[in-house]
Amino acid sequence: MSAEPLMMAYLASHETYKAGDIIIEEGSKGDWVYVVLEGQVKVTKRTSVGMLTIDVLKKGSIFGEMALFGNALQARSASVIAADGNARVGVLDTRQLIEDYESIALELRLLIKALIMGLKESNEKAAALVVAANKV
Amino acid sequence: MANNSSEAPPIVNLSYKKGDLIVREGDYGVSIYKIMDGKVRVYRESESGEISLATLGEGDIFGERTFLNRASETRSASVRALEDTKVEVWHTARLSMAYNEIPPIIKYITDQVMSRSIRMNNLIVQLATKEQKRKAGIEKEDPLASQRRFYRKKVDLFCHYRPTGASSKFNFEGRVRDISLTGLAITVTRRNAANVSHAIGDIFVVNTVLPNSKNVKLEAEVVTVGKGEKREELDVRMTITDIAAGSKKSLGFFLMP
Chain A
0 MSAEPLMMAY
10 LASHETYKAG
20 DIIIEEGSKG
30 DWVYVVLEGQ
40 VKVTKRTSVG
50 MLTIDVLKKG
60 SIFGEMALFG
70 NALQARSASV
80 IAADGNARVG
90 VLDTRQLIED
100 YESIALELRL
110 LIKALIMGLK
120 ESNEKAAALV
130 VAANKV
Chain B
0 MANNSSEAPP
10 IVNLSYKKGD
20 LIVREGDYGV
30 SIYKIMDGKV
40 RVYRESESGE
50 ISLATLGEGD
60 IFGERTFLNR
70 ASETRSASVR
80 ALEDTKVEVW
90 HTARLSMAYN
100 EIPPIIKYIT
110 DQVMSRSIRM
120 NNLIVQLATK
130 EQKRKAGIEK
140 EDPLASQRRF
150 YRKKVDLFCH
160 YRPTGASSKF
170 NFEGRVRDIS
180 LTGLAITVTR
190 RNAANVSHAI
200 GDIFVVNTVL
210 PNSKNVKLEA
220 EVVTVGKGEK
230 REELDVRMTI
240 TDIAAGSKKS
250 LGFFLMP
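So the sequences go chain by chain: A and B.
Quick note, the first sequence lines up with residues 0 to 135 if you use numbering that gives the first Met the number 0.
Quick note, the second sequence lines up with residues 0 to 256 if you use numbering that gives the first Met the number 0.
Source of the hints: derived by calculation from the structure; they are not laboratory data.
Hints may be right or wrong, so weigh each one.
Said to hold, decoys possible - Simulated crosslink set (DSS-like; lysine-lysine; CA at most 25 Å straight-line):
id, chain 1, residue 1, chain 2, residue 2
1, B, Lys153, B, Lys85
2, A, Lys112, B, Lys248
3, B, Lys38, B, Lys16
4, B, Lys106, A, Lys58
5, A, Lys119, B, Lys229
6, A, Lys28, A, Lys119
7, B, Lys134, B, Lys247
8, B, Lys152, A, Lys112
9, A, Lys58, A, Lys134
10, A, Lys57, B, Lys106
11, A, Lys134, B, Lys132
12, B, Lys247, A, Lys119
13, A, Lys112, B, Lys106
14, A, Lys112, A, Lys134
15, B, Lys226, B, Lys38
16, B, Lys153, A, Lys44
17, B, Lys16, B, Lys229
18, B, Lys248, B, Lys129
19, A, Lys134, B, Lys226
20, A, Lys119, B, Lys106
21, B, Lys213, B, Lys248
22, B, Lys85, B, Lys226
23, A, Lys134, A, Lys57
24, B, Lys16, B, Lys226
25, A, Lys134, B, Lys134
To be verified - Which residues of chain A face chain B? A partial, calculated answer using Cβ under 8 Å:
id, residue
26, Glu3
27, Tyr9
28, Ile61
29, Glu64
30, Leu96
31, Asp99
32, Ala113
33, Leu118
34, Ala131
35, Ala132
No residue lacks a Cβ here, since even glycine has one placed at the ideal position from N, Cα and C.
Work out the full structure, taking the sequences as your base and the hints as a guide.
If you want it as structure tokens, here you go:
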């Protein structure tokens, strides 16, 4: 399924990054939600054994989704870095997204929040397991 | 108001005892649970045992994945009560209509997060399985182990068991129902549990004799305690925490297909 027509209505801007460029930095604060338009990006976490790549996101993938909760003070839980080649990412209009998100029933919002917070926890767990395996 | 109640099934409150299974991986089910009190573990079964994905407490929700992931009909993980736990069960009929009205962009984001989450949980299971195998020393001592297909072999073997460190006057009888190099399930009478704790985390020394008349002695930690086939019985599933080289060899030989 092509996501582009759906995304277009929400695109505030788009940015192009070279391989290795940091799009989101772990620990920084930000309230943009992004979509990968071209190329790939890596999700990385800082650990005691260095930077670990825990996932690679392809075209159509969303990242920075925690900004949906409207809490701009929330620190980013992982870094996102452009992978090989150029990565073009779309920046979504957060205000419109939050408005859409808040239009849905409270119970459903709780489910979506549980899913998104669960992903953060899974990211952390995966990184911790890689660290444990490296310490052997 | 009156016809509202006939359309929307009410929220049900349920209580679980420590150790009870609330959701079983692979089962059909769409209910969503909110923890009102207590603590649960979300886990997946792998060839090397249980792999914890999350520990959830009061206010947390579980079971949402089968509802949000329209591609899946079965539970992606099991959930067990770590303490006595009270939950509110939401029937999804209440939510389906609201789901259909979600703006497409939010649905899209939810689907994307779902697929990242599935990928990440698969990675966790893969990494944790490796770690557990390493801890069990299987990979180190037996390089062929990963190539062979070890599985939980169904058996019916008489066994003796007692809590670690307990004197020999605590010596209970049970039956081993299945066994692998990493875990086993035994059936015991409820009377045993009245005498000494049979709870998650308890460690027992188990002695049994394999059909090839080899003795096996091992230590194992309780991971689940459930109802047995008969009213007076309990099923106790355990992960092996220690097994001597001789016993391991006998067991490995017995388990070979």
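Hint consistency between A/Lys58 and A/Lys134 [alpha-carbon to alpha-carbon, up to 25 Å]: violated, 34 Å
Less than 8 Å between beta-carbons is the criterion; does A/Ala131 satisfy it with respect to chain B? The hint holds - A/Ala131 has a Cβ within 8 Å of chain B, the shortest such distance being about 6 Å.
Return the status of the interface hint for A/Ile61: holds when the least beta-carbon distance to chain B is below 8 Å, violated otherwise. This interface hint holds because 4 Å falls under the 8 Å limit.
Proposed proximity, B/Lys229 with B/Lys16 (alpha carbon, max 25 Å): Cα-Cα ~19 Å, so holds.
Keeping to a limit of 25 Å between CA atoms, is the pair of B/Lys226 and B/Lys38 held or broken? This hinted pair holds, its Cα atoms lying about 21 Å apart.
Holds or violated: B/Lys153 to A/Lys44, with C-alpha atoms at most 25 Å apart: violated, 43 Å
Are B/Lys16 and B/Lys226 close enough, with their CA atoms no more than 25 Å apart? holds, 12 Å
Hint consistency between A/Lys134 and B/Lys132 [alpha-carbon to alpha-carbon, up to 25 Å]: holds, 16 Å
Interface hint compliance - A/Ala113 to chain B, C-beta minimum distance less than 8 Å: With a minimum Cβ separation of about 4 Å from chain B (threshold 8 Å), the hint on A/Ala113 holds.
Proposed proximity, B/Lys226 with B/Lys85 (alpha carbon, max 25 Å): holds, 19 Å
Does the alpha-carbon distance linking A/Lys134 and B/Lys226 stay inside the 25 Å limit? violated, 40 Å
Against the 25 Å threshold, does the CA-CA distance of A/Lys119 and B/Lys106 hold or violate the hint? Given pair A/Lys119, B/Lys106 holds - Cα atoms ~19 Å apart, limit 25 Å.
Hint violations for this structure: numbers 1, 2, 5, 8, 9, 12, 14, 16, 19, 23 and 26, all remaining hints satisfied.
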